[in-house]
Structure formats: C-alpha cells, structure tokens
Amino acid sequence: MRNKYPNLLSSISINGMTLRNRTVMPPIGSNFATVSAEVSEEMIKYYELRAKGGTGLIIVENACVDYPMGTNGTKQCRIDDNQFVPGFYTLVERLHAYGAMASVQLNHAGASAYAARLNGAQAVSASNIPSKTGGAIPRPLTPEEMEVIAKKYGEAAVRAQLAGFDSVEIHAGHSYLLNQFLSPLFNNRKDEFGGSAENRARFPRMVIDAVREAVGPRFPISMRISADDMIKGGNTLEDSLELLEYLQEKIDFLNISVGQNDNLYLQHDKMSLPEGWRSYMAKAVKEKFNKPVITSGNFRSPEVCEETIAVGDADLIAMGRGLIAEPYWANKVANGEEHLLRRCISCNIGCADHRLAKSQPIRCTINPDLLFEDAYKEKQVKKTVNVVVIGGGTAGLEAACSAAEVGCNVTLFEEKDRLGGLAWMIGTVPAKGRIHYFVEYLEDRVKELPNLTIKLNTKATKEAIEAVNPDLIVNATGSKPLLPPIPGLLDNVDKEGGKIKSTFGFIENMDAFVKEDCSGKKVVVVGGGAVGLDVVEFFAEKGADISDIEMMPIIGKDLDTNTKLDVYHMMKENNVKQLTGTALQVVNESSFTVKNSDGSIEDIDFDYGFVCLGMRAEISELSKVQEYAEEKNVKLLNIGDSVRARRIISGTEEGRNVLKTLEVMGAFR
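In our numbering, the protein residues as written are 79 to 747.
A hint or two may mislead.
Listed below are the simulated PhoX-like cross-link pairs for lysine-lysine, each with C-alpha atoms no more than 25 Å apart in a straight line [to be verified]:
1. 525 / 655
2. 210 / 635
3. 577 / 123
4. 210 / 642
5. 710 / 738
6. 436 / 268
7. 436 / 348
8. 655 / 620
9. 673 / 599
10. 348 / 328
11. 655 / 310
12. 494 / 461
13. 573 / 600
14. 642 / 510
15. 436 / 410
16. 510 / 537
17. 702 / 673
18. 510 / 540
19. 540 / 577
20. 540 / 573
21. 650 / 558
22. 361 / 82
23. 673 / 577
24. 310 / 348
25. 650 / 310
26. 457 / 436
27. 540 / 655
28. 600 / 540
FRET-style restraints, in silico, Cβ to Cβ [what the hints assert, rightly or not]:
29. 113 / 569: 23 to 33 Å
30. 310 / 661: 45 to 55 Å
31. 527 / 199: 50 to 60 Å
32. 310 / 658: 25 to 35 Å
Simulated from the structure, these hints should not be mistaken for lab results. Even glycine gets a Cβ: it sits at the ideal position worked out from N, Cα and C.
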C-alpha cells in the first residue's frame, strides 16, 4: 500500500527521532492512571495496542509537572517526582517493542486545575479570569512563581528522558496555564507578561528555555498550541503566528490545535465538521516557520490524510479519537484493509464526556474493548452453538458479529430491508452523517463471516426461530418514538399531508426537508432532548423561525458536555426561542396548545410541528420470544434499546457481552 499512500506511510526524522510513518496519537486523557497518579498496567495496555497497530508517534496524555496546583483530572498521571519514572519507563519499553516512538505531554493546568485536589487553595493563572464560563476565579502568578514553574517543566523533561521517551511536548493550548498567558481571553496583565504578543509569550518562552536547557540540543521538543481560539476577543490565526515568532526557535515541531474550554465542540471536532478542517492553520504555521507540523481535525480516511501531506498542508496527522476507535488504523491502511477500519463517528461520548463530565475512565461508542481489541477471537467455542439475533441495529449487529467470530452459527432476523436500525436512520440527518461509519463497518464485518446469515425483510416468528434450533436468542429490537396519550397527538402525527411529525416522521421525510427552502418558516419542536435538538439544529441552519418546547427547566439537560456547549451556541446564534417549563396539552392540526411556566395556556402556531419526546423500548413481540425460550429451555438475552432507550455505546457494550453469556453457558469448554 505504500504506492497508494506514499506520503502517509513514509518515515520522517525530527532532530534525530525517526518515525516509521506519519500517524500520531495525540495526548488524550484516559483516567487509566492509578489513584496515586502512576502509570497502571491498564494504561500501558491501552497505549501498547496503538503501538502494535502501527502508529508512528504516540504522545502520552498530559502529565502534571506541578502537583497539586497543576493537576487537571481525577486520575491524571504525574511526572513531578522521580517516583513516577519507573512506570513511564515500562510504558515506553512496551511501545518501543512494537516500533512506535514515544513522547509525553508536559502540562500545568493553571486556572483549569482540578479543584478537589487543591485542598482549598486558589488556582493560579495569568490573571483572575476563569478558564471557562462559570469556572473558579484564579489568582495571578508572580514572576518569582513563574520561575519556579518553568524550572519544574525542565525537571519533568529530564524525567521523561530518564524514562526513555524519544521526545516531550509542551502544552500551550486548550485553556491550560501557558495558554492562559498567550490568549487575551485570560491574560489582562499590565506588567511585562501581559499586553503585547511579546509580553504574553514571555512566560511560555521561559518554560521552553528551561526544557531545552534541561534536555539538550539533540532531543526533540514539540509544542501544542490553540492556533485560533475561535472566540471573540481571543487569538486569531494571525495572532498565533505572531506569538510563535517568540516561541518557535527552540521547538522542533508544532502540534496545531484549536479552541478553548468554552468551545470544546471545536477542540474535540464535533461530528458535522469535515475531515481535515483545521489543516489551513497547520499550513500557515508550516509555511511561515518551515518546521514540521502536526495537524488534526476529524481525520478518518487514509485518502484525505495522504492528500493533506502530499499538498504540503502538514507533515504528520493526529487522530486521537480515531485511534481510540481503531487501534490498528495504520496497519490496516498499510495492509490494504481500509474496508475494515472502524472509523470514529465523532460522538465524543465515551472518550470525552466520560472523563470530563463523569470522572470515568474513557470508553468508545463503537469499540467495546480499548485494551485487547480482537483478543477474544482467539477463544473459539468447543461445540456447535446456534445463535439467533432479533434486530439488525448496531447492538444486534455487534452481538451477531462477536458470536460468529468465536465460531457460533448465527442467524440475524431484521424486519426492514436494511441493517443499521435507528443509528442508520439518525445518520441520514446531515449533521449526523458520521454515524453511518459504524453501520458500514458492521456490515463489512458481516461480509467476512460465512457462519453469519442475515435475513432481511424477515420477522422473527416462532417458526423462523425454531428452524434455526437456537441455543441462545439475543433480542435487540431497538426503540421507537414515545408518543404519550396527549389529546390530538395520535390523530395528527405522521398523517399524510399533515404538518406534524414524530422523530421517525422527520427522518423519513428528510430528503424533502433537505430540498425545501425553509427560510422564515415557523417550526416548533416539542422536546429538548438529543433528538429534538437535532431537529432544531437542522431547521435553524436552514433559516427557519424555531421554537423549542421543553417541560424541564433547562434544555439539553442530559446531553454530553461537547454537544451541550455546541447546542447552546447554535441556539444563541440562530435566535432559537427556548420555551422551558412548558408542557404540551393538546396537539392541533397546525398548532400546539401548551401550558406555560406561569400556568397560562397558549396556542403556538407553526408551518411544521415536531413531537420528539424521546424513545421507548420496542418490546411488542418480546413476550412471545420469552415463551418460546422458556418452552425450549433456550437462553434469552435482551440488549440495547429494547432494554431501555439509551445511547449507542450501551448497545455496543452489551452486544460484545454476548461472549460473557456464551462463557456462562459453557460454550468455550
């Protein structure tokens, strides 16, 4: 495949460090470290798998150089003491064994410090400006304190060398301490560390000088920056190019990122952003300073990665979430197995929301095992096991593939004419198109499995199930829109020629809505959850006059962190009317009768009305399946949305857990 991707798969040398290809795993917090902030075996296995998968450079997640003031997470690793060197040394050994180069990111959180670790102390920063809206107010650092912190960066870099790392990265972006000096969003100092670009770069330059002096001239140093804050009053790309004039001299290569805490949906690349959307920033840095640059931004396909390098926009491609989803990305590309790539869908649920909002270890919506990947396939069933899967959504497909991959004979029944279920349907919404990646990946897995039979347009009747003679039945019938007994709702929703649609009605009419000029049309959406807000976003971006009715006090209460920030920004930008504390009373042909928060009753007219009150489990046939299973003494497993409506990640996990059920059944012995 080197002839197909000659640039992407070529080596590159940076100040004595040679990478086998141009793929980079950038630093992403994992919460895999121990409670005492040391490298754990779980953390090693996680990174080791990406090295085994062919990644060129792995930049280990940000390590704290100054504890506790600089820490930024529940289980962030530390590098502020020699006691942490042995763990990193073992990690680097394991990465080197598979041919990957290893770096570690050095960081001080500043105003973004994890408050629970500060023991009541006030966080530090350039100024007294929080690093995010509503965040804790920090205090400005003194010049003497800056000297101490710069020295700690240098000492941390020496520990990285002792651990065997091939490089270190200095984090100067994403609302952390060095960025809090660089960006006018956070820096309003009046002394020699504030004001002009030269002044704002002064403390970060002190850090760079300390690191360079500590590691010597022949050790690669990279620096990650937010090249554009993309917030009014923050740094633009032009501002960052000026700042880099004072920073880049002792830096060997630059990791070009974007955004701040208040627009995480850009920093973490929301689903609707195109592949490589940030590359123009990397190109500008590369052209001005003639140094190798790393770019990122929803990269998923090797063709786009190859083109980005070929045209000179960047030298290296970072795929953080992409490598969480697909550890073997580089090897599959090199071996001509692109059709088997498990491409990240950019949902930011398990990788970002788990860690940032819930203090959980990271997971992945589409990859149910971040540590061992395909190791389960080595354990095959020892006897004939017939498995029936009812439902061809993502949960059912994961269960069917997993069972077939360990040697079971699997038959999957799907009533519709295609696979993918609700995930495929939602993926037809333009902003959610990447969800189709997961369905396509599952379909490609199916094609590799001769012992997996798919029966489309086929209902799982008792007779159909009995013909398979199953030992295990997996029910994965998904969910359907919740339509409560509100007067007029069932009479008017999804009526041919009518104005009112359910969630499914919206999706089924997507082609017509995409083509229609919706400018100025009055659209009212009932429901401020994930699906309702997808409808709001769709019509808002088409210029409609939008109102969102939500019975709860706030809209988007249960959204993940990234989506919530994006949605609130979208509603503000498009003047969406947020009618919270408002309950739907009656559904009329062209209006909704609602009860407002003050108790008043009002009719809200519309050109289109959408009722998106969530989803409920589709279990209308489950009792019949249960009767059959009890009658035949067959194991029955209910998974995914047919347990209760949830996110895709839950169904994927439960689909893979079919292997646990097979183990309990004695299939492997």
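Results of checking the hints against the structure:
| no. | hint | result |
| --- | --- | --- |
| 1 | 525 / 655 | violated (47 Å) |
| 2 | 210 / 635 | holds (19 Å) |
| 3 | 577 / 123 | violated (54 Å) |
| 4 | 210 / 642 | holds (14 Å) |
| 5 | 710 / 738 | holds (21 Å) |
| 6 | 436 / 268 | violated (38 Å) |
| 7 | 436 / 348 | holds (19 Å) |
| 8 | 655 / 620 | holds (16 Å) |
| 9 | 673 / 599 | holds (23 Å) |
| 10 | 348 / 328 | violated (33 Å) |
| 11 | 655 / 310 | holds (23 Å) |
| 12 | 494 / 461 | violated (32 Å) |
| 13 | 573 / 600 | holds (19 Å) |
| 14 | 642 / 510 | holds (15 Å) |
| 15 | 436 / 410 | violated (33 Å) |
| 16 | 510 / 537 | violated (29 Å) |
| 17 | 702 / 673 | violated (41 Å) |
| 18 | 510 / 540 | violated (36 Å) |
| 19 | 540 / 577 | violated (39 Å) |
| 20 | 540 / 573 | violated (33 Å) |
| 21 | 650 / 558 | violated (30 Å) |
| 22 | 361 / 82 | holds (23 Å) |
| 23 | 673 / 577 | holds (21 Å) |
| 24 | 310 / 348 | holds (20 Å) |
| 25 | 650 / 310 | holds (14 Å) |
| 26 | 457 / 436 | violated (34 Å) |
| 27 | 540 / 655 | violated (50 Å) |
| 28 | 600 / 540 | violated (48 Å) |
| 29 | 113 / 569: 23 to 33 Å | violated (57 Å) |
| 30 | 310 / 661: 45 to 55 Å | violated (36 Å) |
| 31 | 527 / 199: 50 to 60 Å | holds (57 Å) |
| 32 | 310 / 658: 25 to 35 Å | holds (26 Å) |
Of the numbered hints stated above, those contradicted by the structure are hints 1, 3, 6, 10, 12, 15, 16, 17, 18, 19, 20, 21, 26, 27, 28, 29, 30, listed in ascending order.
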